[in-house]
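Chemist: Sequence:
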Amino acid sequence: MAYVYAGMFFVAALLLVFRLGKENKVFYFAGGLCFYMSVWWLLDELLQVDLFKGTWGWVFRVVMAVALAILGVAYFRERKKAAPDNGDEK
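Counting in this note's numbering, the sequence shown runs from 21 upward without gaps.
One should not assume that every hint holds.
Claimed, not checked - Heads up, simulated DSS-like pairs for lysine-lysine below, C-alpha to C-alpha not over 27 angstroms straight-line:
#, residue 1, residue 2
1, K42, K100
2, K101, K45
3, K42, K101
Worth flagging that the hints you see were computed from the coordinates, not collected in a lab.
Construct all of the structure, not just a fragment, from the sequences and the given hints.
Modeler: Below, the structure is given as structure tokens:
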């Protein structure tokens, strides 16, 4: 099942980078994050070491938390930029 997850994240990374990267630069970062998850799942299966527990698990969680914060900030900046101006112009 880990191979399915690795493949799924790899396909998602390719779609984000090559299809959506032209639309917005944040998708390059999101694609890199999916590629990171793909490699992590694949190494977890190939090395027969549980990379989701112990110190390696914490490394994975910290990287994911930082990436989530960066993507959240990027999302709210884009949302604020795309929101219509509520000024008093007539």
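Chemist: Now look at each hint and say whether the structure bears it out.
Modeler: Comparing the hints with the structure gives:
1. K42 to K100: Between K42 and K100 the Cα gap is close to 20 angstroms, so the pair holds against 27 angstroms.
2. K101 to K45: Holds, at roughly 15 angstroms.
3. K42 to K101: Measuring from Cα to Cα gives roughly 18 angstroms; hence the hint holds.
Hint violations for this structure: none, all hints satisfied.
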